[in-house]
Amino acid sequence: MEDTPHQPIAPKTLDELQSLVRENTAIHPTAAFEIPHSKFKIQNSRISLAAFNNIVEYQPEEYTITVEAGALVSDIQAILAEKNQYLPFDPPFAQNGATIGSMIANGYSGPGAYRYGILRDFILGVSFVDGLGDLIKTGGKVVKNAAGFDIPKLMVGSCGSLGVITEATFKIFPKSPATRSIVFKFSSFSESHAALLKLGRSHFTPDSIELNTGGHLFIRLTGQAASMDQRVQALESLLGERPETQSEADAFDSWDSSVNLRDFPATGILVKIATTPTGIASLNNAIAPHSANLRYSIGGFATWIHWDNDISDLSEILQTLNLSAQVVQGDTPSRIIGITHQQPFYQRVKQALDPEGKFSDPYRRTEPRQVRGHDRFSLPRQ
Amino acid sequence: MTSFIEKLRQIYPPERLYEDEARLIPYVSDGLTAFREKPAAVVMPLNSEEIVETLKLCHEHQVPFVARGSGTSLSGGSLPISEGIVISLNRLNSILEIDPDNRTARVQPGVINAHLSAAGAPHGLYFAPDPSSQSVCTIGGNLAFNSGGAHCLKYGMTSNHILGITAALPDGEVVQLGNDSLENAGPDCVGLFVGSEGLFGVALEIQLRLLPIPETYRTMLASYDSLEAAGDAVAAVVASGILPGAMEIMDKLAIEAAEAAVNAGYPQDAEALLIIELDGEASAVDAEFEALTASIEKTNAKEVRIAQDNDERLLIWKGRKSAFSAVGRLSPDYLVQDGVVPRSKLGEALKEISRLGAEAGLRVANVFHAGDGNLHPLILFDGNEAGALECAEELAGKILRYCLKLGGSITGEHGVGVEKLSFMPEMFSEADLNAFKRIRKAIDPHEISNRGKMLPGKEAPALSHSGPHPLEKAGIISRM
Ligand SMILES: Cc1cc2nc3c(=O)[nH]c(=O)nc-3n(C[C@H](O)[C@H](O)[C@H](O)COP(=O)(O)OP(=O)(O)OC[C@H]3O[C@@H](n4cnc5c(N)ncnc54)[C@H](O)[C@@H]3O)c2cc1C
Ligand SMILES: Cc1cc2nc3c(=O)[nH]c(=O)nc-3n(C[C@H](O)[C@H](O)[C@H](O)COP(=O)(O)OP(=O)(O)OC[C@H]3O[C@@H](n4cnc5c(N)ncnc54)[C@H](O)[C@@H]3O)c2cc1C
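Note that the protein sequences, when read in sequence, are chains A and B. First residue of the first sequence? That's 3 in our numbering, and the numbers climb one at a time after it. First residue of the second sequence? That's 159 in our numbering, and the numbers climb one at a time after it.
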C-alpha cells in the first residue's frame with residue numbers, strides 16, 4: 003500500500019480496510035483505478051478496493067452472483083454473458099471502469115431497466131464497512147429474503163456516504179434468445195411523447211424505451227425470435243407509424259452508446275433526474291430555452307441532462323417541477339439537487355451508520371476536514 | 159398510562175377507541191394464533207393527522223404501538239404489545255389516485271391488495287404482488303413485510319412496486335421518501351422502509367407502481383411421480399432461458415387438501431404438481447409456450463394439462479391459493495414456515511423436510527414458490543395434545559436451520575415478527591444486528607414502534623396454544 007497524496011490507498015484485506023476506516027476521519031471510497039480526470043473535486047481521503055475483485059460465488063443455475071466490490075462491472079458482464087445471463091438494469095459506465103461498488107453507490111440504471119426494474123430491484127445482499135469500522139453483512143444470497151432491514155437497497159445511490167461496500171449479491175436473468183430494435187421517427191418531441199404515453203397505456207412490454215428531444219422513439223424488444231415480426235407489426239398499428247428496424251450492428255452501437263451515455267460530453271455537468279412519463283413534457287419545455295443536451299430513458303422514468311450553465315439554475319427548475327436529481331459528473335455544491343425531501347430521514351440513517359461523519363454526504367458539500375492527531379490520511383499502524 | 163389514555167380520548171371518540179375486553183378480543187392475535195397479547199387499547203384513526211397525533215402521544219409517554227392492517231401476518235408481526243396500543247388502519251382505505259399514463263397509484267395504507275388491482279382493471283392495470291391472502295391483506299401490511307406471491311418470480315416482491323412513501327416516524331415526524339418515479343435520486347430510503355416490519359412508524363400514503371394486465375396467459379399443470387422430479391423440471395425450465403410469470407409446486411397432501419376444498423380438478427394420482435404460467439404479449443407468449451412445451455417434454459411428466467380458457471386458469475389458481483386454508487382443514491392446527499433455499503438445492507431441502515417430519519411424527523404438506531426456492535412447509539398438529547405445539551415448533555426450527563445451512567434465509571416473505579426472533583442471531587452476526595439496532599434507535603429512540611418484533615433483545619412473548627383465530631372464535635370468520 004502506498005500513501006501518496008494523489009493515489010488512493012488500496013487495502014489488501016478486510017482487516018486493513020476496517021482499520022483504515024477506524025483510524026481516519028474522512029473516507030472516500032472510489033473505483034478501482036486512479037483516474038486522470040476526476041468527476042468530483044475529491045476532498046476526502048480516497049480508498050480503492052482494487053484488491054477486492056473476486057467472484058465470491060457464481061452458480062449460473064442459481065441465477066444469482068456474489069462479487070467483491072472492486073470487481074469491474076465490465077468483467078462481471080463478460081462472465082455472465084458466457085452463460086447467456088446478464089444484469090437486466092443495464093448498468094451505465096461499465097466501459098468507463100465502473101466497479102461493482104461504485105455502480106451500487108451511484109445507483110444508476112440504463113434503458114433495460116424499463117422492463118424488469120432498476121438496480122435496486124436486482125440487489126439481494128450487501129456487505130460493507132460502516133463508519134465505526136464494523137463489517138456488516140445484510141440481505142442474503144438467495145433470490146428472496148425478508149429477514150432484517152433491507153440495507154442492500156439503501157446502499158443503492160448512497161454515494162459512498164454510508165459505508166465502504168465490500169461485496170454484493172445480485173439477481174440475474176437469462177438473456178432472451180432474440181432482440182429487435184426499432185426507431186419511430188416522429189417529427190417532434192410532442193408527437194413522440196404522445197406515442198410514449200399511448201404505449202404506456204397498452205399491454206405492450208418492450209424491454210427498453212427511450213426518447214430524444216428530436217422526436218425519435220427508440221424501442222428494444224426481447225423474446226423468442228419467432229414472435230418479433232408480429233410484435234413489431236402490432237406496435238406499428240398501435241402507433242400508426244412505420245418504424246425503422248435497426249441492423250444488429252446499428253442496434254448494438256446505439257444502445258451501447260445510450261447505456262454508457264457516450265453522446266454526452268466527458269466534461270461539464272451531467273445529471274440524472276428521476277422523472278415520470280407525463281412529467282417529461284414540462285421538463286422538456288422548461289429546459290428548452292437553456293439549450294441543454296437531454297435524453298429520456300427507462301420509458302421516461304429517468305432523464306439524463308448535460309448542463310453547461312449554473313447548477314443552481316437547474317436545481318431551481320427541478321424544484322418548481324417537484325423533481326429530484328443526482329449529479330453524475332461535475333463539481334457541484336451537493337450531489338442531490340432539486341427536491342431534497344428525503345434528507346431528514348436520510349440524516350437519521352446516516353447518523354446510525356456513520357456517527358462520526360467520516361464519509362461524505364450527498365446532500366451537502368463535503369468540506370475538507372481537520373484530522374485529529376495527524377494532518378493527512380494515514381495507514382493503520384501494524 | 160391513565161393520563162395517556164385520557165389524552166387518547168381527546169383524539170378519538172369512544173366508537174373509535176376500544177378499551178373494553180369484548181372489542182379488544184379480535185386484536186389479541188394475528189395470523190399466527192399461537193401468540194396472544196391483550197393491548198391496552200385499539201384506536202381507529204380516520205386520517206393521517208390523527209395518526210401523527212397518536213404517535214406524538216405515544217412518543218411522549220413512551221407507550222409502544224403496533225400498526226395493524228388486516229392482521230393476517232403469519233409471523234406475529236401485528237401481535238399487540240401488552241401495555242401498548244394497536245393502531246388499526248382499516249378505515250384509511252381510499253385509493254387516492256390511479257394514474258394510467260404513468261402506471262402508478264397513490265393509496266392509503268388500509269387499502270386491500272385485491273381492491274387495488276380491481277380499481278386498476280378498467281385502465282388495464284394491476285398491482286403485481288399477489289399474496290395468497292390478497293383478498294383481505296392491506297397494502298400497508300404488504301409494505302411492512304415486503305410480501306410476495308406466486309408471481310414474484312418475474313415481477314419481484316412488494317418492494318419492487320413501491321415508489322414513494324409518506325410516513326409518520328415513531329416520534330410523529332412526517333417524512334417523504336422516494337417520489338413518483340421508478341428512479342430515485344440518492345439513497346433508496348423507500349427500499350429501507352419497505353420490509354421494516356412496522357419498526358419505522360406508520361406509512362400514511364403510498365405511491366405504487368402498477369403493471370399492464372398481460373394480454374394473454376398460458377397456464378400449464380404438470381404432474382410428477384416425485385417432488386424431486388417436479389423440482390428438476392423447474393430447473394430445466396429456468397435453464398432454457400424462459401422466464402415464466404410463476405412456477406409453483408404442491409405435494410400430494412396439499413393437492414388432496416386443495417382438491418377436497420375447491421375441486422380444482424387436479425390429478426389425484428400425482429406425488430407432485432407443477433404449475434407454470436407464462437404471461438405477456440400474445441405473440442411472445444405463443445413462442446415461449448413452444449419453448450416451454452419442448453423443455454417440459456423432456457421431464458418425465460406423468461400428465462400435462464393446459465388451461466383451455468380463463469375459467470380453467472382461475473380454477474388452477476384457486477386450488478393453489480386455497481391450499482393453506484385447505485391443508486388447515488386436514489388438521490386442527492398448522493404452522494407454516496417460509497424458509498428459502500438456493501434453487502438448485504430444492505430437491506435436497508424437500509427430502510430433508512420429509513425426513514425431519516417423519517422423525518417428529520408430524521405430517522408436513524408442501525406448497526411453494528419453486529421458481530424462487532421459497533418453501534412453505536405446513537406442519538400439521540393438534541394443539542389439544544400436550545406438547546404437540548412445542549413439537550411442531552421444534553420441527554419448524556429444524557427446517558429453518560436446514561435452510562440456513564444450505565445458504566438460504568429463514569424467511570422469504572412472511573417476515574421475522576416474533577416467531578423467528580430467535581433465529582436472527584443464526585443468520586446475522588452481532589455486528590449486523592448492532593447496525594440494525596442503531597438504525598432502529600436513530601428512527602425510534604424509545605423503541606416504541608412494534609417493540610419486540612424482528613430484532614431480538616427484548617423478552618419474547620410466551621408461546622401458548624390458543625386454538626382457532628380470535629375472529630373465528632368470535633364467529634366473524636370461519637375456515638369452512
Ligand atoms: C462520462 C464519464 C466519462 C468517464 N471517462 C473516464 C475515462 O475516460 N477514464 C477513466 O478512467 N474514468 C472515466 N470515468 C470515471 C470517473 O472519472 C471516475 O470513476 C471518478 O473520477 C472517480 O471518482 P469517484 O470516486 O467520485 O467515482 P467512483 O469511484 O466512480 O465512485 C462513484 C461513487 O461511488 C462511491 N464508491 C465507489 N466505490 C465504492 C465502494 N466500494 N463503497 C461505497 N462507495 C463507493 C464513491 O464514493 C462515489 O460516491 C468517467 C466517468 C464518466 C461519468
Ligand atoms: C391464508 C394466508 C395466506 C398468506 N399468504 C401469503 C403469501 O402468499 N405471501 C406473503 O408474503 N404473505 C402471505 N400471508 C401473510 C400476510 O397476509 C402478509 O404478511 C400481509 O402482507 C399482511 O397484511 P395485513 O394487512 O394483514 O398486515 P398485518 O398483519 O395487520 O400487519 C403486518 C405488519 O405490518 C405492519 N403494518 C401494517 N400496516 C402498516 C403501515 N401502514 N405502516 C407501517 N407498518 C404497518 C404491522 O405493524 C405488522 O408488523 C398469508 C397469510 C394468510 C393468513
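Treat the hints with caution; some may be incorrect.
As the list claims (entries may be wrong) - In silico lysine to aspartate or glutamate, EDC-like type, Cα no more than 16 Å apart, as pairs: (1) B/214 with B/390; (2) B/503 with A/63; (3) A/200 with B/329; (4) A/139 with B/588.
Claimed, not checked - Sample of chain A residues at the chain B side, in silico, Cβ under 7 Å: (5) 192; (6) 196; (7) 229; (8) 251; (9) 277; (10) 304; (11) 354; (12) 366.
What the hints assert, rightly or not - Pairwise CB distance ranges (calculated): (13) B/468 with A/232: 38 to 46 Å; (14) B/455 with A/232: 51 to 59 Å; (15) A/61 with B/615: 49 to 57 Å; (16) A/255 with B/580: 36 to 44 Å; (17) A/196 with B/220: 50 to 58 Å; (18) B/173 with A/239: 50 to 58 Å; (19) B/513 with A/346: 24 to 32 Å; (20) B/540 with A/227: 52 to 60 Å; (21) A/346 with B/467: 48 to 56 Å; (22) B/512 with A/265: 54 to 62 Å.
Derived from the structure by calculation, the hints contain no laboratory data. Where is the CB? At the ideal position from N, CA and C, for every residue including glycine.
Task: Violations among the numbered hints - done: 1, 3, 5, 6, 8, 12, 13, 14, 15, 16 and 19
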